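If you're matching them up, the sequences are chains B and Z in order. Start counting the first sequence at 1; every next residue gets the next number (UniProt numbering). Start counting the second sequence at 1; every next residue gets the next number (UniProt numbering).
Calculated directly from the structure, the hints in this document are not laboratory data. On a predicted model such as this, the values are computed, not experimentally measured, just so you know. Backbone N, C-alpha and C define an ideal beta-carbon position, used for all residues, glycine too. Do not rely on the hints blindly, as some may be mistaken.
[What the hints assert, rightly or not] Listing some non-contacts, in silico: residues in chain B with all C-beta distances to chain Z over 12 angstroms:
{"#": "1", "residue": "ALA18"}
{"#": "2", "residue": "GLU54"}
{"#": "3", "residue": "THR75"}
{"#": "4", "residue": "GLY76"}
{"#": "5", "residue": "ASP83"}
[To be verified] Computed footprint of chain Z on chain B; a stretch qualifies when at least three of its residues, placed anywhere within it, have a C-beta under 8 angstroms from a C-beta of chain Z:
{"#": "6", "region": "4-14"}
{"#": "7", "region": "19-27"}
{"#": "8", "region": "55-63"}
{"#": "9", "region": "85-94"}
[What the hints assert, rightly or not] Non-contacting residues of chain B with respect to chain Z, defined by C-beta distances greater than 10 angstroms in every case (computed):
{"#": "10", "residue": "ASP36"}
{"#": "11", "residue": "SER72"}
{"#": "12", "residue": "GLU74"}
{"#": "13", "residue": "ARG77"}
{"#": "14", "residue": "ALA78"}
{"#": "15", "residue": "GLU81"}
{"#": "16", "residue": "ASP82"}
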Amino acid sequence: MTRWIDIAALDDIPPRGARTVKTAQGCVAVFRTFDDRVFALDDRCPHKGGPLSEGIVHGHAVTCPLHAWVFSLETGRALGEDDGSVATYPARVEQGRVLIDATRLQTWRVA
Amino acid sequence: MKKRLVIVGAGMASGRLIEHLLDAAPDRWDVTLFNAEPRGNYNRLMLSPVLSGEKAYEDIITHDDAFYADRGITCRFGEPVVRIDRAAKVVVTAQGDTPYDRLVIGTGSAPFIIPVAGKALPGVVTYRDLEDTNAMIAASRPGAKAVVIGGGLLGLEAAAGMAARGADVTVIHLMSHLMERQLDPAAGYLLQKDLERRGIRVHCKGATKAILGEDKVEAVLLEDGTVYGADLVCMAVGIRPETRLATDAHLEVNRGVVVDPQMRTADPDVFALGECVEFDGQLFGLVAPLYDQAKVLASVLNGGDAAFRPVQTATKLKVTGVDLFSAGDFADKPGREEIVFRDPGRGIYKRLVLEGDRLIGAVMYGDTADGNWFFQKIKDGADISGERETLIFGPAFAGGVAADPLAAVAALPPEAEICGCNGVCKGQIAAAIDGGATTLQLVRARTKASASCGTCTGLVEQVLALSLGEAFQMPTAQPMCACTDLTHEDVRRLIKAQELKSMPAVLQELGWRTSCGCPSCRPALNFYLLADWPLDYRDDAQSRFVNERLHANIQKDGTFSVVPRMWGGVTNARELRAIADAADKYNVPMVKVTGGQRIDLLGVRKDDLPAMWADLNAAGLVSGHAYSKGLRTVKTCVGTEFCRFGTQDSTGLGVRLEQRLWGSWTPHKVKLAVSGCPRNCAEATCKDVGIVCVESGYQVGVGGAAGMDLQETQRLVAVETEAEAMDVTVAFVQLYREHARYLDRPYKWIRKVGLDWIRSQVLDAEIRAALIARFDLSQSIYQKDPWAEHARPDAARRFRPLADLSLEAAE
Ligand SMILES: Cc1cc2nc3c(=O)[nH]c(=O)nc-3n(C[C@H](O)[C@H](O)[C@H](O)COP(=O)(O)OP(=O)(O)OC[C@H]3O[C@@H](n4cnc5c(N)ncnc54)[C@H](O)[C@@H]3O)c2cc1C
Ligand code: SF4
Ligand code: FES
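Next comes chain B alone, as it looks inside the complex (with noise of 0.2 angstroms):
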């Protein structure tokens, strides 16, 4: 079961930037695409734990600030030559409004 809850609105995040939504166990970063698009992930690198959420957003990636590992933000894979991963977590956008699914962070995080 899916449960879709509001977080802000899309004009809360800079286009090709990102916020942050903190939960229990960390935070996730909710990035928008020069296309308008949105895609939450953890915010937190598997390289050395660099907030993923102040690194460049270019296309649908991200680039860490601290040692510029790239992850895709749609699969949440590092791309090129690293090897690595974060936890994605459904969103989308709705009438202007920024959704993400609260039971899939859930059951990830508890899982």
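Following the hints, put chain Z with the ligands in place on chain B, whose structure we already have.
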């Protein structure tokens, strides 16, 4: 006893001669080398990259002082030979007579000056040597108007070089299309379009009637009445062999100094080589045959019996981003057939000219990867009847291999020529690689391949890649990033020339391959746009690295550091108290004094940043920009205020400089220092700009560094007043902002453009005033405290999470 060899002219040809001659017989010759230019051998072909700013003069020196010293060569540079006395066997200079046993004339050519009114006005230059190049560099300040007369190889390289520096360039060409000697009309048209796209105006069928101006050039008047304004005119209409010495010495001279296949003139002890000679009725204007002459002459002088035989040459234009190749004969004549391939969308044009079953000419534009393969077929006179249908698609098709860039090179036979200038074939390069030459530099050192005009560098790298496979890393330095083929320099120029004032405009007009750039081009583009269009462009926070976006330095654990500005390194009890209070209130784990005379509060949480900034702001402290590619710090000593040695108010100057410059964005960080006397307690001589005060005024040095590279500043100028010191500094910083590529510190930029050029800009009163005005205009927008801005509630919100689901999730 050693024989006395006198060489007149230290040029491309004689330089090569010296190498061959002394490699083979190090002890036979006592060489004296005269040169009219006040310097030794350098790679004349590479003047164009120097002109465009891609290389510095130091990069193109082929023979340095050590080279001559090691070989015991007597250098008489800056000393032209005025006469040859064959009877006495001496050459005559202003210094007197120098005897020879053997004499070599290698005087090259002299540029042709069209005999029009105004040809001798100051501001009219030719394009032959470093002096010409420097004159063009000095005149090519952004917005300056330059007219190039002559649309051949040299003229176009001059035009592209000056345009790269921001000058507004017009090319006037007599014929109906550019480079008519090397290109057919269709390729000439594509070339013209490409140049126009770079902002260069092209006027074909233009005959120059006069050069106008009172006491310096002001304009060029054409026969058809058109007038082009000009601050500089470059005449590049052709060259003629420099034969005056030989003529006066009654040697046989036609158009050039006549030589036999042993390069001997009419006098058995006098030889000649290079562009000044005529052999078999032919003159030579490209280096490949000259190098052959050098080889022959070295052998002859050493007692060998080599003979010179001219070979066909191929032409390439050395303008970054323009690919052009032509070889052989491609005029329309009865009995000839042609095969043409066009792809207008990609700007590609190829034309092959056949006579019977042989390929006799090839012109390629836009994609020249197969040039050498065709050139080989022309030289071999190969029978192509079997592959006629697919010939134009090149070796990739012929061999049935996939069309990747390496395939064309892989398909070349070992005897195919890779480096046309030096006549080096693929097999020789492969042999050198097998022998351990595993880098481009080593291959260049051993075989000379790509050591002259450099256009075959890519091919040599591909041979390396083919031979070494994974072990060879193709250099990626050239294009700005994977999103484009353009270099940083191209992009900076096009942003100005095409007036691109927004990121989407750049991506669209310059054909970016990605939707919105990447982390390497976006910050660079953001800087270029805000530096060039301060009023029109809006700074894009999302195209900045985290530190500049959040105005704090991210640390390895994701916390940040906060550094308040302390003007000139001066603070007081009230500020220190506010800093101490902030450190307590936000549990700052470390307080540290930095090298730039600031206090650094490390380990601050992102959420706390806005509140901490507001607290510090309340005490009058503003952001120290310790995170920016911008003005960082001005470090000072106490100078006349307190020090008994001080000669000027170094502290006051430092404070005033910092107040003037703070908030400006630059290609890389900029640090300054001011010392009150040469004891230099502020360590000014390793800063980007370092001022050392002396009794008589201020010594302004630039281009210091004390990071991974260690570099002392070079003196830009010494001035008498503080106001002048400030002006020069501001103008220097603005020039750096306008011209350097992103992430080049000043010292790297200076290496590329040369301190002389910087002086010619910053020390020219008019240019300096304009630079300062542009800096001040930009400061009117960008000199603002980011802390104050981000501490405001609406902006501060962005530093906090969008939502807090920790309660939800804990249910
Ligand atoms: C900007 C530019 C780009 C070029 N690009 C290419 C290219 O891409 N490919 C190519 O193949 N060729 C190119 N050329 C042509 C190439 O540089 C010449 O063919 C080559 O330099 C000629 O060599 P040289 O030794 O005959 O003469 P130079 O190299 O001209 O040397 C002659 C030297 O003799 C000196 N001299 C003259 N008279 C006297 C005297 N009386 N006493 C003492 N010294 C004297 C001169 O000062 C000069 O230093 C280019 C030329 C220029 C100017
Ligand atoms: S640099 Fe000279 S003036 Fe400045 S503190 Fe040192 S000794 Fe004194
Ligand atoms: S922590 Fe992300 S790349 Fe190192």
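Status of the hints after comparison with the structure:
At the 12 angstroms boundary, the C-beta of B/ALA18 falls inside the reach of chain Z, the nearest C-beta of that chain being 9 angstroms off. The claim that B/GLU54 is not at the interface with chain Z is violated, since a C-beta of that chain comes within 12 angstroms of its own (minimum 4 angstroms). Taking the minimum C-beta to C-beta distance to chain Z, about 18 angstroms, the non-interface status of B/THR75 holds against the 12 angstroms cut. B/GLY76, annotated as away from the interface, keeps every beta carbon of chain Z farther than 12 angstroms; the closest lies near 18 angstroms.
Even its closest Cβ contact with chain Z, about 19 angstroms, leaves B/ASP83 beyond 12 angstroms, as expected for a residue assigned away from the interface. Given as covered by chain Z, the region 4-14 of chain B passes the check, having 6 residues with a CB less than 8 angstroms from a CB of that chain where 3 are the minimum. Counting residues of the region 19-27 of chain B whose beta carbon lies closer than 8 angstroms to any beta carbon of chain Z gives 8, which meets the minimum of three for the stated coverage. Check on the region 55-63 of chain B: 6 of its residues sit with their Cβ under 8 angstroms from a Cβ of chain Z, so the three-residue criterion for coverage holds.
Check on the region 85-94 of chain B: 0 of its residues sit with their Cβ under 8 angstroms from a Cβ of chain Z, so the three-residue criterion for coverage is violated. A cut-off of 10 angstroms between C-beta atoms confirms that B/ASP36 is not in contact with chain Z; the least separation is 12 angstroms. With a cut of 10 angstroms on Cβ distances, B/SER72 stays outside the contact zone with chain Z, its closest approach being about 14 angstroms. Residue-level check passed: B/GLU74 sits 14 angstroms from the nearest beta carbon of chain Z, beyond 10 angstroms.
Here B/ARG77 stays apart from chain Z, with its beta-carbon at least about 18 angstroms from theirs, past the 10 angstroms limit. The claim that B/ALA78 lies off the interface holds: its Cβ sits roughly 14 angstroms from the closest Cβ of chain Z, which is beyond the 10 angstroms cut-off. Non-interface status of B/GLU81 relative to chain Z is upheld: no Cβ of that chain comes within 10 angstroms, the nearest being about 13 angstroms off. The non-interface label for B/ASP82 is consistent with chain Z: the shortest C-beta to C-beta separation is roughly 14 angstroms, beyond 10 angstroms.
When held up to the earlier numbered hints, the structure conflicts with 1, 2 and 9 and fits the remainder.
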